[in-house]
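There are 6 protein chains.
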Amino acid sequence: MLSFSVIDPAIDTALREDLGAGDVTTEAIISSRARGIARAIAKQPLVVCGGDVFARVFNKVDAGLRVERRAAEGSRAEPGDVLWIVEGRTASILSGERTALNFAQRMSGVATLAARYVAAVPAGMPLTIVDTRKTTPGLRAFDRYAVRTGGARNHRNDLGAMVLVKDNHVAAAGGVRAAIELVRARASHALRVEVEVTSLAELDEALDAGVDVVMLDNFRPEEVAVAVGRAKGRAIVEVSGGVTLERVPDLARLGVDVVSVGALTHSASSADISLELERLG
Amino acid sequence: MLSFSVIDPAIDTALREDLGAGDVTTEAIISSRARGIARAIAKQPLVVCGGDVFARVFNKVDAGLRVERRAAEGSRAEPGDVLWIVEGRTASILSGERTALNFAQRMSGVATLAARYVAAVPAGMPLTIVDTRKTTPGLRAFDRYAVRTGGARNHRNDLGAMVLVKDNHVAAAGGVRAAIELVRARASHALRVEVEVTSLAELDEALDAGVDVVMLDNFRPEEVAVAVGRAKGRAIVEVSGGVTLERVPDLARLGVDVVSVGALTHSASSADISLELERLG
Amino acid sequence: MLSFSVIDPAIDTALREDLGAGDVTTEAIISSRARGIARAIAKQPLVVCGGDVFARVFNKVDAGLRVERRAAEGSRAEPGDVLWIVEGRTASILSGERTALNFAQRMSGVATLAARYVAAVPAGMPLTIVDTRKTTPGLRAFDRYAVRTGGARNHRNDLGAMVLVKDNHVAAAGGVRAAIELVRARASHALRVEVEVTSLAELDEALDAGVDVVMLDNFRPEEVAVAVGRAKGRAIVEVSGGVTLERVPDLARLGVDVVSVGALTHSASSADISLELERLG
Amino acid sequence: MLSFSVIDPAIDTALREDLGAGDVTTEAIISSRARGIARAIAKQPLVVCGGDVFARVFNKVDAGLRVERRAAEGSRAEPGDVLWIVEGRTASILSGERTALNFAQRMSGVATLAARYVAAVPAGMPLTIVDTRKTTPGLRAFDRYAVRTGGARNHRNDLGAMVLVKDNHVAAAGGVRAAIELVRARASHALRVEVEVTSLAELDEALDAGVDVVMLDNFRPEEVAVAVGRAKGRAIVEVSGGVTLERVPDLARLGVDVVSVGALTHSASSADISLELERLG
Amino acid sequence: MLSFSVIDPAIDTALREDLGAGDVTTEAIISSRARGIARAIAKQPLVVCGGDVFARVFNKVDAGLRVERRAAEGSRAEPGDVLWIVEGRTASILSGERTALNFAQRMSGVATLAARYVAAVPAGMPLTIVDTRKTTPGLRAFDRYAVRTGGARNHRNDLGAMVLVKDNHVAAAGGVRAAIELVRARASHALRVEVEVTSLAELDEALDAGVDVVMLDNFRPEEVAVAVGRAKGRAIVEVSGGVTLERVPDLARLGVDVVSVGALTHSASSADISLELERLG
Amino acid sequence: MLSFSVIDPAIDTALREDLGAGDVTTEAIISSRARGIARAIAKQPLVVCGGDVFARVFNKVDAGLRVERRAAEGSRAEPGDVLWIVEGRTASILSGERTALNFAQRMSGVATLAARYVAAVPAGMPLTIVDTRKTTPGLRAFDRYAVRTGGARNHRNDLGAMVLVKDNHVAAAGGVRAAIELVRARASHALRVEVEVTSLAELDEALDAGVDVVMLDNFRPEEVAVAVGRAKGRAIVEVSGGVTLERVPDLARLGVDVVSVGALTHSASSADISLELERLG
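Chains as they are written, first to last, in the working numbering: chain H, 3 to 283; chain X, 3 to 283; chain U, 3 to 283; chain V, 3 to 283; chain W, 3 to 283; chain D, 3 to 283.
Bound-form chain H, shown alone (with noise of 0.2 Å):
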């Protein structure tokens, strides 16, 4: 559950964009006094994400609108299966719509991809698929409760959250070993500590640093494989970088621990959910 604090600005913003200057066209049609129903319909296969929000963006239009989920987070939905309702006002059903929309579709969307990821991996293989910090601006903790909901995991939160040595840190700092050093002696003993590296060598390094974990940076299969095996109860083996869907099964059948997608979160079309209007007496 995302508390209020972390997600009302975002909803308060969102709903300032769209009815900042009234909504002209259901003022001048709709009375307030009409009261309707209105059912949030899936129009696609997707896995189900953003009742809160979807519920807390109506509540913000009007207190006295109700809603009410059908449907599970993280359930899957198929063409025709209700997911939310909203009784009240018809006036602010209509106003609210779009943007409860905007966030439920982006959300839905996310973990769609995600669980498509995580379907991806053959049955009983360890793989684990996590998103990365290519987030929407604004938005991470949405696009991250998304990725979880479509049974994905979430690396790193922030730059604050873990130590990830990349190729710049590993240059500055004269070699890998160098940079784990300054780690050692700097970073928090909260935070894993993860290296990106670039070849065997570097790996080698790596390991007997003790780092947590290694993300391997343009490794071929084969290389991949002897990586594998040189991590093995040694440190978790992470796999970053233009991961399409098609390479996670051979991934997995090689032992690559995690592997990290942008483009769950950079990349994942909105998902086709709509709103469908029943008036009331």
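There may be inaccurate statements among the hints.
Derived CB-CB ranges, DEER-like [stated by the list, open to error]:
id, chain 1, residue 1, chain 2, residue 2, range
1, H, R35, X, A203, 21 to 31 Å
2, W, P11, U, A173, 43 to 53 Å
3, U, R68, D, D206, 20 to 30 Å
4, V, R232, U, P81, 28 to 38 Å
5, D, G244, X, R72, 53 to 63 Å
6, V, E280, W, A180, 46 to 56 Å
7, H, R35, D, A173, 44 to 54 Å
8, X, D252, D, E183, 56 to 66 Å
9, W, P11, V, R186, 29 to 39 Å
10, U, G82, W, P251, 55 to 65 Å
11, D, G66, W, P47, 48 to 58 Å
12, H, P11, D, E248, 38 to 48 Å
Within a straight-line C-alpha distance of at most 30 Å, the following computed DSSO-like cross-link-like pairs (lysine-lysine) qualify [claimed, not checked]:
id, chain 1, residue 1, chain 2, residue 2
13, D, K168, W, K45
14, X, K168, H, K45
15, W, K234, W, K168
16, X, K234, U, K234
17, W, K168, D, K45
18, D, K234, H, K234
Source of the hints: derived by calculation from the structure; they are not laboratory data. Glycine included, every Cβ here is placed at the ideal spot set by N, Cα and C.
Put chains X, U, V, W and D on the given structure of chain H with help from the hints.
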């Protein structure tokens, strides 16, 4: 150009998401005296977008960083082209890199997709490609700017910037004519009036009521042709709803004036741009 | 109705301005157990506006306060009429009083002035009174809502909600026609196009270019008459700039469609409303 | 001088209100390379106020704009006088114009009205004109600064900056004396204590209790004279409530020390200032 | 009572600091259906403060949590006393625990220290203990409320709530008398005037000028006694600057009216309060 | 270095707290043309911290103020040492003084306390002192930076930056092993896993489960020694909970790796720093 008051809230939020807890790796390894120069390089063909935002992010991280634009907004870049150059404290460049790229890749991704839609319009045909309100929550100004940068245009910005009478409004009013009468009686003279019509009969009703724009909802191609003929000289004809790249040429040939494409902003993939750092002295 | 996301920032800011350092008098004198009932009473003839905001202010001060609306938004009140009633903790009522009234008096003041302009239009004449963008910084949504509540209408909300070509734009483009061509080539089909014209020659140019609205700048009455005649059926005619109440009937008789009045929002006096407290048992 | 931390929130909000969706007209017509110079010119006699805010608005729109002050804060300007000059990108000047003027016209309007009240005090008489807390929500610091710029002074800033015992407090405490005792027992020694009195009997009670300021509520002129006599040397005498310009001289002659005027901020008209643009080469 | 508009920004910021990236431990281990009850228990003798804030934090995490107050604000608690009880979803209680306690422990710490200073005043002596503006950035309203809750009082809230002429002001004006004359000519009648004096000569000058409060800066005890004698009936005497608990009785006996203590807010230790969770069925 | 996006919100809020209503004293007395130079001087031995924040506060008050750093962050200062120098408009220096010092004194206070704990570790012993999440609400980034500046290190930043299984989590899961299994199944591979253990049996369970860090809760010294022996080479050993300066050497000698000290941030006293102003010409 986007004013600071409009873009800073999103930039500040994004930097707090990523840097709020510091950059533990860089702080441990990179000397605060080290200086570097980093080049943002296109890794795919793309339409350049977001240079101002890219620069602003780095200036928020460290007012001493200098950013030079090498590629004009809206220009086309090929893989390997240098888009922007950042120079200054190496630690600051590394700490701002991900946030600056998250904005720029997203904006260039939207601009690139918009340009593809525009390019799909056969030469000499006056079809205009526009976006929708299906933008990223909190980033509407960025998304719309990217659409324009890609050569497409914007639809209404928000619920107060145009009257757009949709099926639910028509149903509530008791018909297209009744809806338009309510609008005429109450809405601003400054706003265009668009009506979503679901049949040729409704189209005629809208045209007779003198609306500015008609949106054809789920019309078959032959109906579109008839609609275009009837609307000629009386109203702008817009087609909306799940229009793919492939359908664009046909819609252009049918004489449609405007096609609105939600995918421009809700389903664009980030463009691939990387930041390559070179250390100075 | 204004959504919370739109009105809360201004309400929170206003309460912090007044209550950020506490209410030292009330805290010293009024028991936190004392309960009271307070009536907001019109002290002058006015158009009622701001009930939702008045209530929201008190609810932000103390969620236990209950506010009852006795007068409908947009209705006319005479001196002595009770508009709204607040009941609950006396201390909270006193602490919120000034902020709640500051909003409500201002909003009712704008609505009342707007209603006076509307009433100045001779019966049966179709002249529309509208506001301008000369609103109070930070309170545009409140000002515009008050204008509508007073029976007038809104002009464009912001610089993105309509194309309005002013003298400087015309000069920069090299003439009305050239300006309109640039607009046609770049602006959204969703937006009306208005041009400010300074002569009958420019008017003709604008009408020939097919603009939606013409704004007559400093036309003498006889010129206005000619302009109205030429524009009939081709464009909406708006008169702007220092229009006083006294000039409204004449402009209406000349056949002008719209008069925009900056004074509605930049120079309205607050309506006189007082809050009268009665203590309970 | 107002610090950026105090004025920026209102300026940013106002710019987002007007420019959040871009300036479609200027973007379509004005080249981003065009440069201009614009002069803010008084169109009525006024007291100059808001130069810093005027400049800050333009700098937020475009950091490259330069603003020169030609008229000192608080100085008097006649129609035609140049107050401030903005130079830089023409498009940025046009996009910021309305917001900059909305602030400056409002501030100069308040300063001008304040100066009129101050000027109504007969020469050599020590009557002080002050404002009230009836300020524009969100703009208290701006309103109060304008009052000072016009030569009047401020009353308390907020509910925590002075003890002001009003009729409801007196009634709750069971009398003026009892109210003051509660205040003495609980309130800060840093705060002046003012009491609103409704009769000469209450005045005596307040003076005996040693309050710093007495506010006469609805006293007839002859009662005011008596009150002033009794309070001389013991407390400051303030008159409040619907004081018009015309009543100021009489109140001054009666020996009143302070008159507080809500109209200074709740009912000032904006001063007429226009921005005249000249294009450069 | 502190209004939501005043306390919510700090609470929201604090929750985003701690929960912005989620509570990974609780999400992994605690079922979202598990319910619990948690008791906030004093682990040291303390003055209870912050119940409203404690409750608001939990309600922001999860609107379904219910908080019951067992100890009144300002009451004394002994180790083992239950202060407040939270009931609801266990996961939400655990996620909000640290933030709620960070506020409540800090507020109770300040209240407890304030109460110790107040208790150090010998019985029957009228010395008042007050705070200073040396508060925690962002938490001034919380700190001052805690000071009052502990039985002490507040000094001025901010630089606009009182005139306090310090040594630098005196030097700039060219003496105490000159400084006061400038103040009289410009400052609000609503504000008390305090002057910091560094010698008996300056004290006399201040008293002759009729200031409300004199602050003795680094006076030796025998000088304090003289100063008190001279000021009696003419001005309040305040002593400030590094006053320890031990010095309070002596200052009281010397007849000082007010002692201001920066340590109340800049150096209070958090009170020890723990939250003990019991799981429900 | 802390980026502006991270520190500005707290700085802006603090300045609004103190300067929102202006600085009435300075405005009345100090000419806006007067210029001065002020030196921030240590009044006690301290570890210097907060120079960037000190400078930023003054630049927010007046962009024309120049701040020079005389003492490096983390360096030790003795009474009388000049830390920073501010030069510019005297009025601006006086208006920003309190807010700048409130930040700098607090930050230097935390750094100084952290340095004392670090100094308490016997020479050559590898015990690390770290902070906790018991930071000041709204100032976590400032507090943690100050801890690092004092030579100690940070524990996890927030609830999303590490898995820390506490007693309530263990109880809910039904034991240490079960809790760790849930964590392994759900949490990010990027996060270290720490478990709070209350007995040697739980310690063994945690070590067997392969956790990264064990936190010993209320272990007697002899138990700590046993725990350290068992954990050697398998997990980091942390001691937490009420550790005083006096206990640090013993814990170091027992071989503990990390001691976390809440007092560093929840109970540090502000360091004594004063700003001494010299007026220029």
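Status of each hint after checking the structure:
1. R35(H) with A203(X): 21 to 31 Å: 29 Å, holds
2. P11(W) with A173(U): 43 to 53 Å: Once the Cβ atoms are compared, 46 Å apart, the range 43 to 53 Å for A173(U) and P11(W) holds.
3. R68(U) with D206(D): 20 to 30 Å: 60 Å, violated
4. R232(V) with P81(U): 28 to 38 Å: With Cβ atoms ~34 Å apart, the hint holds.
5. G244(D) with R72(X): 53 to 63 Å: 58 Å, holds
6. E280(V) with A180(W): 46 to 56 Å: 48 Å, holds
7. R35(H) with A173(D): 44 to 54 Å: Holds, since R35(H) and A173(D) (Cβ atoms, about 53 Å apart) stay within the stated range.
8. D252(X) with E183(D): 56 to 66 Å: 57 Å, holds
9. P11(W) with R186(V): 29 to 39 Å: With Cβ atoms ~33 Å apart, the hint holds.
10. G82(U) with P251(W): 55 to 65 Å: The hint (55 to 65 Å, Cβ to Cβ) holds, given that G82(U) and P251(W) are roughly 60 Å apart.
11. G66(D) with P47(W): 48 to 58 Å: 51 Å, holds
12. P11(H) with E248(D): 38 to 48 Å: 44 Å, holds
13. K168(D) with K45(W): 19 Å, holds
14. K168(X) with K45(H): Holds. K168(X) to K45(H) sits at ~19 Å (cutoff 30 Å).
15. K234(W) with K168(W): 21 Å, holds
16. K234(X) with K234(U): The hint holds at about 21 Å.
17. K168(W) with K45(D): 19 Å, holds
18. K234(D) with K234(H): 21 Å, holds
Hint 3 alone, counting from the list given before, is not met by this structure.
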